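Add chain S with the ligands to chain R, keeping to what the hints say.
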Amino acid sequence: MRVNLEINGEQHTADDVWPGESLLYVLRERLGLPGAKNACEQGECGSCTVYLDGTPVCACLVAAGQAEGRSVRTVEGLGGEDRLDPVQDAFVRTGAVQCGFCTPGLVIAAHDLVHRNPHASDAEIREALAGNLCRCTGYEKILDAVRLAASTVAGERA
Amino acid sequence: MDFLRPASLAEALAAKAENPAAVPIAGGTDVMVELNFDRRRPPALLDLGRVAELARWGEENGHVRLGATVSYTRIVEELGTVLPGLAMAARTVGSPQIRNRAGVGGNLGSASPAGDAHPPLLAAGAEVELASVRGTRTVPVGEFFLGPKRSALAEDELITAVLVPRAAGPQQFAKVGTRNAMVIAVCSFGLALDTAARSVGTGIGSAGPTPLRAAEAEEFAAAALPWDEPAALDEATAREFGELVAAAARPIDDVRGSAAYRRHALAVLARRTLRWAWQDVSGGR
Ligand SMILES: Cc1cc2nc3c(=O)[nH]c(=O)nc-3n(C[C@H](O)[C@H](O)[C@H](O)COP(=O)(O)OP(=O)(O)OC[C@H]3O[C@@H](n4cnc5c(N)ncnc54)[C@H](O)[C@@H]3O)c2cc1C
Ligand code: FES
Ligand code: FES
Numbered sequence: 001m002r003v004n005l006e007i008n009g010e011q012h013t014a015d016d017v018w019p020g021e022s023l024l025y026v027l028r029e030r031l032g033l034p035g036a037k038n039a040c041e042q043g044e045c046g047s048c049t050v051y052l053d054g055t056p057v058c059a060c061l062v063a064a065g066q067a068e069g070r071s072v073r074t075v076e077g078l079g080g081e082d083r084l085d086p087v088q089d090a091f092v093r094t095g096a097v098q099c100g101f102c103t104p105g106l107v108i109a110a111h112d113l114v115h116r117n118p119h120a121s122d123a124e125i126r127e128a129l130a131g132n133l134c135r136c137t138g139y140e141k142i143l144d145a146v147r148l149a150a151s152t153v154a155g156e157r158a
Numbered sequence: 001m002d003f004l005r006p007a008s009l010a011e012a013l014a015a016k017a018e019n020p021a022a023v024p025i026a027g028g029t030d031v032m033v034e035l036n037f038d039r040r041r042p043p044a045l046l047d048l049g050r051v052a053e054l055a056r057w058g059e060e061n062g063h064v065r066l067g068a069t070v071s072y073t074r075i076v077e078e079l080g081t082v083l084p085g086l087a088m089a090a091r092t093v094g095s096p097q098i099r100n101r102a103g104v105g106g107n108l109g110s111a112s113p114a115g116d117a118h119p120p121l122l123a124a125g126a127e128v129e130l131a132s133v134r135g136t137r138t139v140p141v142g143e144f145f146l147g148p149k150r151s152a153l154a155e156d157e158l159i160t161a162v163l164v165p166r167a168a169g170p171q172q173f174a175k176v177g178t179r180n181a182m183v184i185a186v187c188s189f190g191l192a193l194d195t196a197a198r199s200v201g202t203g204i205g206s207a208g209p210t211p212l213r214a215a216e217a218e219e220f221a222a223a224a225l226p227w228d229e230p231a232a233l234d235e236a237t238a239r240e241f242g243e244l245v246a247a248a249a250r251p252i253d254d255v256r257g258s259a260a261y262r263r264h265a266l267a268v269l270a271r272r273t274l275r276w277a278w279q280d281v282s283g284g285r
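Residue numbers (full-length UniProt numbering), protein chains in the order written: chain R, 1 to 158; chain S, 1 to 285.
Pulled out of the complex, with its shape left as it was, chain R reads as follows (with noise of 0.2 Å):
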């Protein structure tokens, strides 16, 4: 089957879609946009989180039809070619990434947060990244990073 979706602000149209397939299959495998990753393929681990109408989810657990006209976001929509969004700028100063699997999913969760909610305390920082694994850097320099971003939206808005 064929499903049109818009993907970081453009139309797209994926073309021999297996209808029981993913959206992340869909992103990676048809699309070309490997920015969320695929490790788990059972909603466990995030790192293929993306935002879908600008809610942020599992894109493994998205049928790729039901993404059909929908608005989806991923890593690669944040920044710009010569740009990074507040997010991914804080995960690199911070020190937040190590082997980076986890990084695309984290920075979408960290991303929705910081975005709902600039002044979010360390517990629900904590809740909001529950859905985000990461094997390599213990969360800590994370937290870092979720911080200094939200500093950077706050002061964006005042």
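No lab work stands behind these hints, which were simulated from the structure alone. It is possible that part of the hints are untrue.
As the list claims (entries may be wrong) - Restraint-style ranges between C-beta atoms, simulated for each label pair:
1. Asp53/R <-> Arg150/S: 43 to 51 Å
2. Arg41/S <-> Arg147/R: 43 to 51 Å
3. Glu6/R <-> Arg56/S: 24 to 32 Å
4. Glu155/S <-> Asp122/R: 46 to 54 Å
5. Asn180/S <-> Gln98/R: 21 to 29 Å
6. Lys149/S <-> Arg116/R: 31 to 39 Å
7. Ala168/S <-> Asp53/R: 32 to 40 Å
Being a predicted model, the structure only gives us computed values, none of them experimental. All C-beta atoms in this analysis are idealised placements derived from N, C-alpha and C, irrespective of residue type, glycine included.
Frame of chain R, contents of chain S with the ligands only:
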């Protein structure tokens, strides 16, 4: 495999009647795991994501009619006051990403004894609304579950909503697991007090072939709680309530815990939640 995309409830029911083997997909958080791991190859998926009627909730004559696909995130944000027990349980489901997609219809559809929505729905005395081209019927949630992953849903039916009485007193939910997020309950317990009717509702999760009520514990607590002078809840009442809840469970040993542990933990959860709920009564809330 076909992908059916009804745009209304009428279309969805017609599609289900024509293709009874089609698997409904709401949030996909159970269905997609099965597809990704090749555990299931249905002839068709029936996407409920475009059926607006299923994504709404509203209040009618003392109860909330909660559409099958209202997400857990929305339940937490919008229903914390009218359905506090269900909202507490919703808060413990999976992770933000899971709660953004999944809802009660899928939880009931999977009919896992561990589903977190089930204990609060049992405790509150909810009914499940089932619809097909033949008509609509409601089933008390306690009669909906027939066994592990088996329910009263007929092959041409869809779950359209749950009808949950508006809370008439404090409600609680507690769940045992290895961490706060991403945990399938080792066991769980839902409690609902009705301070006007002076009755107590219970729901036991993940400790039997289906979610269970603890009828004897309910009767005991309704009679023993000091409704007239709500200041004090004595230790003996809390303990006896816990023991009766544990006795109502029918747990098994599995990878998540032993039957003995589940019984013990349920007794603890039951007396704790009763204490918390009673504090709200005696504190005048
Ligand atoms: C990482 C992860 C963590 C999880 N954590 C929890 C947890 O903490 N607690 C918990 O209870 N569950 C948990 N689950 C399981 C799952 O999220 C829940 O069961 C959820 O409620 C399913 O809802 P859904 O909309 O995603 O259902 P779907 O996957 O879309 O559907 C589930 C089943 O119900 C059927 N169905 C769906 N809607 C209808 C309908 N309207 N009428 C008839 N049949 C229908 C489907 O055909 C399917 O059989 C978790 C799952 C994952 C992947
Ligand atoms: S790949 Fe989707 S959550 Fe792990
Ligand atoms: S940086 Fe390696 S998994 Fe997180």
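Among all the numbered hints in the text so far, which are the ones the structure does not match?
Failing hint: just 1.
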